[in-house]
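Just so you know, the sequences run in chain order A, B, C and D.
Under the numbering used here, the first residue of the first sequence is numbered 1, with each subsequent residue one higher.
Under the numbering used here, the first residue of the second sequence is numbered 1001, with each subsequent residue one higher.
Under the numbering used here, the first residue of the third sequence is numbered 2001, with each subsequent residue one higher.
Under the numbering used here, the first residue of the fourth sequence is numbered 3001, with each subsequent residue one higher.
These are calculated hints, taken from the structure and not from any lab test.
A portion of the hints provided could be inaccurate.
[Said to hold, decoys possible] Listing some non-contacts, in silico: residues in chain B with all C-beta distances to chain C over 12 angstroms:
1) G1184
2) R1214
3) P1325
4) V1344
5) K1355
6) L1357
7) E1367
8) E1387
9) R1402
[Claimed, not checked] Below, simulated SDA-like cross-link-like pairs (lysine to any residue); rule was C-alpha separation at most 20 angstroms, straight line:
10) C/K2020 to D/E3166
11) A/K95 to D/P3224
12) B/K1307 to D/E3166
13) A/K129 to D/E3166
14) C/K2104 to D/R3303
15) B/K1354 to B/P1119
16) C/K2104 to D/E3166
17) C/K2020 to A/L54
18) C/K2056 to B/K1307
Values in this document were obtained by computation on a predicted structure and should not be read as measured data.
A virtual CB, placed ideally from N, CA and C, is assigned to each residue, including glycine.
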Amino acid sequence: MQKSVSIKDLSLSFGAVNVLENLNLDIGEGEFLVLLGSSGCGKSTLLNCIAGLLEPTGGQIFIKDRNVTWEEPKDRGIGMVFQSYALYPQMTVEKNLSFGLQVARMPRAEIDKRVARASEILQIGPLLKRKPSELSGGQRQRVAIGRALVRDVDVFLFDEPLSNLDAKLRSELRVEIKRLHQSLKNTMIYVTHDQIEALTLADRIAIMKSGVIQQLADPNTIYNAPKNMFVAGFIGSPSMNFLRGEIVEKGGKPVFSTNGVDFPLDGYAAGEALPAGRKVVLGVRPEHVKVDEDGAGAKAHQASVDIEEPMGADNLLWLEHAGHTLAVRVAGNRRFAPGTAVSLSFDMGLASLFDAGTEERI
Amino acid sequence: MKIRSMAAALAVTVALPFAAAHAADLEVTHWWTSGGEAAAVAELAKAFDATGNKWVDGAIAGAGGTARPIMISRITGGDPMGATQFNHGRQAEELVESGLMRDLTDVATRENWKDIIKPASLLDSCTIDGKIYCAPVNIHSWQWLWLSNGAFEKAGVAVPKNWDEFVAAAPALEKAGIVPLAVGGQPWQAAGAFDVLMVAIAGKDTFYKVFKDRDAEVAGGPDIAKVFKAADDARRMSKGTNVQDWNQATNMVITGKAGGQIMGDWAQGEFALAGQVAGKDYTCLPGLGVNDIISTSGDAFYFPLLKDEEKSKAQEVLASTLIAPATQVAFNLKKGSLPVRGDVDLAAANDCMKKGLEILAKGNVIEAPDQMLSADSQKQKEDLFSEFFANPSMTPEDAQKRFAGIIASAE
Amino acid sequence: MTGQAHTGRPSRLLRNLSSKIASIPMMLTAVVIFLGGTIWTVVYSFTNSRLLPRAKFVGLDQYERLWDAPRWIVSIQNLAIYGFFTLVFSLVVGFLLAALMDQKIRFENTFRTIFLYPFALSFIVTGLVWQWILNPEFGVQSVVRALGWTSFTFDPLYNADIVIYGVLIAGLWQGTGLVMCLLLAGLRGIDEDIWKAARVDGIPMWKTYLFIVIPMMRPVFITTLVIIASGIVKVYDLVVAQTSGGPGIASEVPAKYVYDYMFQAQNLGQGFAASTMMLVTVAIIIIPWAYLEFGGRKRG
Amino acid sequence: MAETVSLKPGAALAATAGPPSEPWGRKPRRTLSRRNIMLYGTLLVAALYYLLPLYVMVVTSLKGMPEIRLGNIFSPPVEVTFEPWAKAWATACTGLNCDGLSRGFWNSVRITVPSTLISILVASVNGYALANWKFKGADLFFTILIIGAFIPYQVMIYPIVIVLREMGIYGTLTGLVIVHTIFGMPILTLLFRNYFSSLPEELFKAARIDGAGFWQIYFRIMLPMSLPIFVVAMILQITGIWNDFLFGVVFTRPEYYPMTVQLNNIVNSVQGVKEYNVNMAATLLTGAVPLIVYFVSGRLFVRGIAAGAVKG
């Protein structure tokens, strides 16, 4: 894969606070990469470094194999879309789109051509003469995307572009961005704290925490084989169930034991040895817990329904089991009254096992 | 206007080959803005304009304290005026020492100032290192007590003939609702009044010992204690004056709201402007009627060093115009001060001026504190006396102690 | 003092060049005028310069004399009284007016204009007008006496004990309008939801102001404080116009001492020593605050 | 604590607001409730205090001198005369010049217009650089500048005289404009810096991505968004410079003396009795320009202050 953006040993500190530490990241040509993390994790800072809006303390940034670490933003071949749209309030939509081109002293005809093309792609043609204040949030964000589009750049940077929109618009625009990526095939780097956006849009997701990339992988891997407990807990809603316990030996096989209840680890592909006595954490996503009406499963895994949250397509149950509260997702048509006794089992092939000390996946 | 200086420079280069026209505009700064003063300045301007030059008036109101810093800033800032008023004495000393002022010795020798200017001390204070730097225009004497005849009539007492009678008459005035002694709030008035009391009560020798020899022992001694006692009386009598400017205080005397005022002869201009006649409407007592001595300080014009040759010539013209007999008479009549030359005819002078001229002729003159003390010490004195006159709880003894301290540290 | 970190980049001097060029007037002003002028003043305060600055050093003589001068002591006391009451009253009255104006009143524009217009007038004008109103002969005192209360006495400008409060009345008249304006703007910036929450919780209005709103307005109060405080230290014209420092020396202030001794007494050294003392006082108060407020903070 | 005592009117107001369930704060009101009487009563009393001096000035300026001496200062004129106004404007004397304030008016205009424009331009660029293009050491300069706001002007006169002399512009209009720019800089820079900081930073970033440089962003993005703060700065500078006396008299020559110098001359050139009516008329005439500016644009002033001047 041809590298589009490459980041080497990037560090950034504000005074004594290190925001980014020796960060390395390669992004392929035409790839859609999402930087995901909670606020303050450094994802926006990283994006601003790539854009050239922040100067790194150390390390280099390459775009198309060119070292752009000290280049002006305009010379990097990037376009950027901001959370607050950042449209120039005093200019019409058309002026907003053409401002950057005018600054670059592009011939009028070429500017018009590009604005026309962008407004066609984004279907904002009728809005061209309006001021930003006369637009709805969704329209504004389209214009903001258009502003990046007209510049005909290699790399698109999105800084939480959908966060200011309501849920409906957000999902609409999400699809549109995906479509845009599919048709333009540009490299896109997208910062968000919203895991749905990350999972739906990304070719690869980089999950960040405290300035360090925790895991960089495709959405499927992130979801199903999280590299550590942070990633596992961050992705998925409701969060993965974590059960603290230890490995015991039962019949020559390692078995996960917690609060006196055992779960055989049949089907779990452990990457390393599981000696008895090792403290571990078992992670199971709510949809990977199987629930049966009382009596159908093993008696050892009896649980009772504490709360039921019907969500339409799904039904979310909160169970009490061996001192743990477990979230379980079942099909929407399976209803359980609170207090119902159930038995449960885990789909070990899809579960994750973490070392209790390092919190890394085993 | 903005291109004015450029145009002037151009004019000089063009005019130089011909060098015929002497006429120049000369800006003259001063702080003479009260009615009598302005009328007097107009005489100077008229005389100067008559020479073909032009007097550009740069009056700055608010007395010397406001005006002087502006004048000094302009001279040191490299934007000097053509001529400027200073009280002669030590105010311009440093400007002269820094070479910023023009040496007038040539004009003075040519016109024989040494012989015509009387008393000679006036020219002395213009002289630094044997060179003359200013043209004195008048003699001002501080030692006058101005009395409102009307006020005393109203109070039913005779117009006093000296300070002691005046103090004695004070209760009667107060009873009639008249402030016995008007002392304006400006600090220099209180300080000046004290100096006047000192000459009158302690005499010339003590006065010189204090101010010229800076003898702190005398300043703290019994003679001066008597002066402070008198100042204490004056303070009591001045209660209720409630005006700031000296001429407002003079106005209280003119209108009979106050019995009297210790003020220099410039107060005369205000009486004249109000149409009052000496002897009839008001009475003047030189030396407070105690000691017929007057001090001879006064105003003088200094001439900053200018690059412009035309203007330098005009400066010479102005200097000699100021000393010319006709100007002296016209100016001093309006100003109420005495001329700086003994050879002019002041037939038009009124009673009070004549009294002054007599004393001057007798040679009963002293130098003014201005000429003997630095502005710094004068200012400290002003602070002391303005506090003393405004603060009844300050005892004469305390004030004298501080006064002696100022004299001891004076340079 | 660190803004964004810059280490390790090439040609540091040339980075952000336009910004540096554009800031040259500011840098020159800060360094040449304010810093240079201050250092110059401090240096010459150790000389016996008279009419013109002369580098003849006399050690601490000027300072000894300064602190021996009764007038300087009075000036300092007056500044302390004037400063304290100006701060307290302009903040309290300003806030009170702002809070009243914030009650969705009618004629808000009219009231605001009335409270603010004195700010458009100079201290000279302010001083003159109040000198006149407070003049016992035809001002407030005479009017009240004419109404029949003949023993009424109100002559602050002619009573050395209270003259500084007469100056204060005029100063407050001129300055509270601006304070009100600043604080009103601050009040308008408070989230409506705060009021709703306080109301739902049943907190009385004055408590809401005192314990919730005022603490939230910290930045506004700081800006206001800077503006008021810088005005207090510099107070000069008002005193000159209203009382000329009188009666006697009862309403003298430090800035006037500086001016009088520099120019009237022609003792620059003494004036410089006095101004250095003023600067030291200001610096003790301001530098820690300025450092916290502007130096330590960075943009996120 | 003095504050609690002085806050009493406000507290009393709260007490009259009735039970907590009754709307207060930002809610609509009944027209004649006790609360409203207190509210408007307090405001009216305050308004009287603020209006009194203006009233006295206007009334006095319309009276003849005899009436002033007899009557009290608060009584309206028995016989209205515009004589004092005419005298103040055209014939009042300083020294030999008897042309009143008229001479100074145009000088004041010539000083105020360029000084206001240049000082605002410089300060706004400073504020913009400080807010958006911070460089190492910028804050240090800014801190010095802010401390400079506390230095009494008198202290700086001498050094500035020297600097202007060395630059050869002492006594010129240029020199005075520079002096006003310098002394306007601390507060104006603070205002502009705070304002520009309060603008969304993303706008600035977007413009940089669009390739705009320092000046392009300033002129094409920031300026058009900054009307409110420019109005505030204009008002502050116009009033400040118009009302200035000290610099006008120290740093210029008589032909450029502003109106305030003439005012001082008229007020302090006492010829006989103080002509209070002329003084008041002169005062009002001198204050007219800043007063009009306030009356006309007071609303914008408050909005501008609210728009960012008070943040940070």
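Here is how each hint holds up against the structure:
A Cβ of chain C approaches the Cβ of B/G1184 within 12 angstroms, the least distance being about 10 angstroms, so the stated non-interface status is violated. No beta-carbon of chain C comes within 12 angstroms of the beta-carbon of B/R1214; the shortest separation is about 16 angstroms. The Cβ of B/P1325 sits about 34 angstroms from the closest Cβ of chain C, beyond the 12 angstroms cut-off, so the non-interface label holds. At roughly 33 angstroms, the least C-beta separation between B/V1344 and chain C is larger than 12 angstroms, which holds for a residue marked as non-interface.
With a least CB separation of 32 angstroms from chain C, B/K1355 remains clear of the 12 angstroms interface cut-off, as annotated. At roughly 32 angstroms, the least C-beta separation between B/L1357 and chain C is larger than 12 angstroms, which holds for a residue marked as non-interface. Against the 12 angstroms criterion, B/E1367 stays outside the reach of chain C, whose nearest CB is about 19 angstroms from its own CB. For B/E1387, the requirement that its beta carbon stay farther than 12 angstroms from each beta carbon of chain C is not met, with the minimum near 4 angstroms.
Once the 12 angstroms rule is applied to beta carbons, B/R1402 is inconsistent with being away from chain C; the minimum gap is 8 angstroms. For the given pair, C/K2020 sits about 25 angstroms from D/E3166 by alpha-carbon distance, which is inconsistent with the 20 angstroms threshold. Restraint check for A/K95 and D/P3224: satisfied, since their Cα atoms lie roughly 14 angstroms apart, inside the 20 angstroms limit. A threshold of 20 angstroms between alpha carbons decides the hint, and for B/K1307 with D/E3166 the separation of about 17 angstroms falls inside it, so the pair holds.
Proximity of A/K129 to D/E3166 is assessed by CA-CA distance (about 55 angstroms); at most 20 angstroms being required, the pair is judged violated. In summary, the hint linking C/K2104 to D/R3303 is supported, as the alpha carbons are separated by about 16 angstroms, within the 20 angstroms threshold. A threshold of 20 angstroms between alpha carbons decides the hint, and for B/K1354 with B/P1119 the separation of about 16 angstroms falls inside it, so the pair holds. The straight-line distance between the Cα atoms of C/K2104 and D/E3166 is roughly 56 angstroms, outside the 20 angstroms bound, and the hint therefore fails.
Between C/K2020 and A/L54 the CA atoms are separated by roughly 18 angstroms; this keeps the pair inside 20 angstroms, and the hint holds. Annotation: proposed proximity of C/K2056 to B/K1307 is violated, straight-line Cα distance about 30 angstroms (limit 20 angstroms).
In summary, the numbered hints that this structure violates are 1, 8, 9, 10, 13, 16, 18.
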